[in-house]
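*Asks:* Protein sequences, first through last, are from chains H and U.
The first sequence: position 75 = 75 (our numbering), numbered continuously.
Here our numbering runs 113 ahead of the position in the second sequence, where the first position is 1.
Just so you know, not all the hints are guaranteed correct.
To be verified - A few chain H residues facing chain U, derived, Cβ under 10 Å:
hint	residue
1	Ser48
2	Ser86
3	Phe90
As the list claims (entries may be wrong) - DSSO-like mimics (lysine-lysine), calculated; alpha carbons at most 27 Å apart, straight line:
hint	chain 1	residue 1	chain 2	residue 2
4	H	Lys44	U	Lys184
5	U	Lys181	U	Lys135
6	H	Lys41	H	Lys67
7	H	Lys36	U	Lys155
8	U	Lys171	U	Lys155
9	U	Lys184	H	Lys36
10	U	Lys155	H	Lys19
11	H	Lys9	H	Lys44
12	U	Lys184	H	Lys40
13	H	Lys9	H	Lys36
14	U	Lys135	H	Lys71
15	H	Lys19	H	Lys67
16	U	Lys155	U	Lys135
17	H	Lys40	H	Lys9
18	H	Lys40	H	Lys52
19	U	Lys184	H	Lys19
20	H	Lys19	H	Lys71
21	U	Lys181	H	Lys44
22	H	Lys22	U	Lys155
23	U	Lys155	H	Lys67
24	U	Lys155	H	Lys9
25	H	Lys9	H	Lys71
26	U	Lys181	H	Lys71
27	H	Lys9	H	Lys52
28	H	Lys41	U	Lys155
29	H	Lys40	U	Lys135
30	U	Lys155	H	Lys40
31	H	Lys22	H	Lys36
32	U	Lys135	H	Lys36
33	H	Lys71	H	Lys44
34	U	Lys155	U	Lys170
35	U	Lys135	H	Lys19
36	H	Lys41	U	Lys184
37	U	Lys135	H	Lys44
Unchecked claim - Derived CB-CB ranges, DEER-like:
hint	chain 1	residue 1	chain 2	residue 2	range
38	H	Glu58	U	Ser122	17 to 27 Å
39	U	Val167	H	Gly16	47 to 57 Å
40	H	Arg109	U	His227	22 to 32 Å
Rather than coming from a laboratory, the hints here were simulated on the basis of the structure.
Quick reminder that beta carbons are idealized off the backbone N, C-alpha and C, glycines included.
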Amino acid sequence: DTAVSQTPKYLVTQMGNDKSIKCEQNLGHDTMYWYKQDSKKFLKIMFSYNNKELIINETVPNRFSPKSPDKAHLNLHINSLELGDSAVYFCASSQGSQGYGYTFGSGTRLTVV
Amino acid sequence: GENVEQHPSTLSVQEGDSAVIKCTYSDSASNYFPWYKQELGKRPQLIIDIRSNVGEKKDQRIAVTLNKTAKHFSLHITETQPEDSAVYFCAASVAGGTSYGKLTFGQGTILTVHP
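Working from the sequences, and respecting the hints, build out all of it.
*Replies:* Below is the structure:
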């Protein structure tokens, strides 16, 4: 009965590969987000979707492509992985698009070698 | 865009002492200020939040104060316990505006509570 679940939890891959991270929330929230946490623990927004529509795209390289098949799911596909993509990626959701009371997923630790 | 500065970056206290973490923000339109606690290897979890129509909010040992004029807000933890040890993040957003729920986070404070 996890509220926001992400898979996989760990991902180790070689440079140049393509990988996907999946996120699902069962809270009935309208808005979902992807955040990146770098090695210094800094959290920065990448994308936001509200009812399956992209509403925030924060100057992220176009190798990153989010997809929201429905309002309970938000996936992140990354093409041509680079060393600098290594980070922890957090999915989150909130009710409405005001950002109140985010619930974060457990994170995906991506390591590019 | 919004910029949030958080201090100190590390804070070490003895069990039972109080801890204070301070944040400043740059966008005067910001009106929502949550605080998150992140334990090692875990997800950030909301511990308290405040909206700009309120100057102070308290929840047991945790309190947050907001000074809109000075554009700063602070987290106060009283009677600290070892289980309070974690990374704490402040954040700011313009709730209801065209930022669509985007949170801008501070750099984080590593709090260590020594038994």
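*Asks:* Work down the list of hints and note, for each, if the structure agrees.
*Replies:* For each hint, the structure was consulted:
About 6 Å separates the beta-carbon of Ser48(H) from the nearest beta-carbon of chain U, less than 10 Å, and the hint is met. Nearest Cβ of chain U to the Cβ of Ser86(H): about 16 Å, over the 10 Å cut. The hint is violated. Hint status for Phe90(H) relative to chain U: holds, with the closest Cβ pair at about 7 Å, below 10 Å. Taking the CA atoms of Lys44(H) and Lys184(U), the gap is near 21 Å; set against the 27 Å cutoff, the hint holds.
A distance of roughly 13 Å separates the Cα atoms of Lys181(U) and Lys135(U); the hinted pair therefore holds under the 27 Å criterion. With a CA separation close to 25 Å, the supplied pair Lys41(H) and Lys67(H) stays within the 27 Å bound. Simply put, Lys36(H) and Lys155(U) have alpha-carbon atoms about 14 Å apart, close enough for the 27 Å limit, and the pair holds. Pair hint Lys171(U) plus Lys155(U) holds up; C-alpha atoms about 25 Å apart against a cutoff of 27 Å.
Among the hinted pairs, Lys184(U) with Lys36(H) is consistent with the structure: their alpha-carbon atoms are about 26 Å apart, no more than 27 Å. Note on Lys155(U) and Lys19(H): the hinted pairing holds, with a Cα-Cα distance of about 22 Å set against a maximum of 27 Å. With a C-alpha separation of about 19 Å, the suggested pair Lys9(H) and Lys44(H) falls inside the 27 Å cut-off, and the hint holds. With a C-alpha separation of about 25 Å, the suggested pairing of Lys184(U) with Lys40(H) holds against the 27 Å cut-off.
At roughly 14 Å between alpha-carbon atoms, Lys9(H) and Lys36(H) fall within 27 Å of each other, so this suggested pair holds. This hinted pair does not check out: Lys135(U) and Lys71(H) have alpha carbons roughly 35 Å apart, beyond 27 Å. Restraint check for Lys19(H) and Lys67(H): satisfied, since their Cα atoms lie roughly 13 Å apart, inside the 27 Å limit. Restraint check: the Cα-Cα separation between Lys155(U) and Lys135(U) comes to about 23 Å, which is no more than 27 Å; the hinted pair holds.
Taking the CA atoms of Lys40(H) and Lys9(H), the gap is about 19 Å. The hint holds against a cut of 27 Å. Among the hinted pairs, Lys40(H) with Lys52(H) is inconsistent with the structure: their alpha-carbon atoms are about 31 Å apart, more than 27 Å. A C-alpha spacing of about 41 Å is found between Lys184(U) and Lys19(H), which places the hinted pair above 27 Å, so the restraint is violated. For a cut-off of 27 Å, the pair hint linking Lys19(H) to Lys71(H) stands: about 22 Å separates their Cα positions.
Restraint check for Lys181(U) and Lys44(H): the C-alpha separation of about 24 Å stays at or below 27 Å, so the hint holds. Taken as a hint, the Lys22(H) and Lys155(U) pair is honoured in the structure, with Cα atoms around 18 Å apart against an allowance of 27 Å. A threshold of 27 Å between alpha carbons decides the hint, and for Lys155(U) with Lys67(H) the separation of about 25 Å falls inside it, so the pair holds. Under the criterion of a C-alpha separation no larger than 27 Å, the hint pairing Lys155(U) with Lys9(H) is consistent with the structure, at around 11 Å.
Proximity of Lys9(H) to Lys71(H) is assessed by CA-CA distance (about 22 Å); at most 27 Å being required, the pair is judged to hold. Taking the CA atoms of Lys181(U) and Lys71(H), the gap is about 35 Å. The hint is violated against a cut of 27 Å. This hinted pair checks out: Lys9(H) and Lys52(H) have alpha carbons roughly 24 Å apart, not beyond 27 Å. Restraint check: the Cα-Cα separation between Lys41(H) and Lys155(U) comes to about 12 Å, which is no more than 27 Å; the hinted pair holds.
This hinted pair checks out: Lys40(H) and Lys135(U) have alpha carbons roughly 19 Å apart, not beyond 27 Å. In summary, the hint linking Lys155(U) to Lys40(H) is supported, as the alpha carbons are separated by about 15 Å, within the 27 Å threshold. About 14 Å separates the Cα atoms of Lys22(H) and Lys36(H), which keeps this hinted pair within 27 Å; it holds. With a CA separation close to 23 Å, the supplied pair Lys135(U) and Lys36(H) stays within the 27 Å bound.
Of the supplied pair hints, the one linking Lys71(H) and Lys44(H) holds, its CA atoms being roughly 22 Å apart against a limit of 27 Å. Simply put, Lys155(U) and Lys170(U) have alpha-carbon atoms about 26 Å apart, close enough for the 27 Å limit, and the pair holds. Simply put, Lys135(U) and Lys19(H) have alpha-carbon atoms about 38 Å apart, too far for the 27 Å limit, and the pair is violated. Among the hinted pairs, Lys41(H) with Lys184(U) is consistent with the structure: their alpha-carbon atoms are about 24 Å apart, no more than 27 Å.
For the suggested pair Lys135(U) and Lys44(H), the alpha carbons sit about 19 Å apart, so the restraint of at most 27 Å is met. A hinted range of 17 to 27 Å holds for the C-beta pair Glu58(H) and Ser122(U), which are about 24 Å apart. As the Cβ distance of Val167(U) to Gly16(H) is approximately 50 Å, the hint placing it in 47 to 57 Å holds. The given range of 22 to 32 Å is respected by Arg109(H) and His227(U), whose C-beta atoms sit roughly 29 Å from each other.
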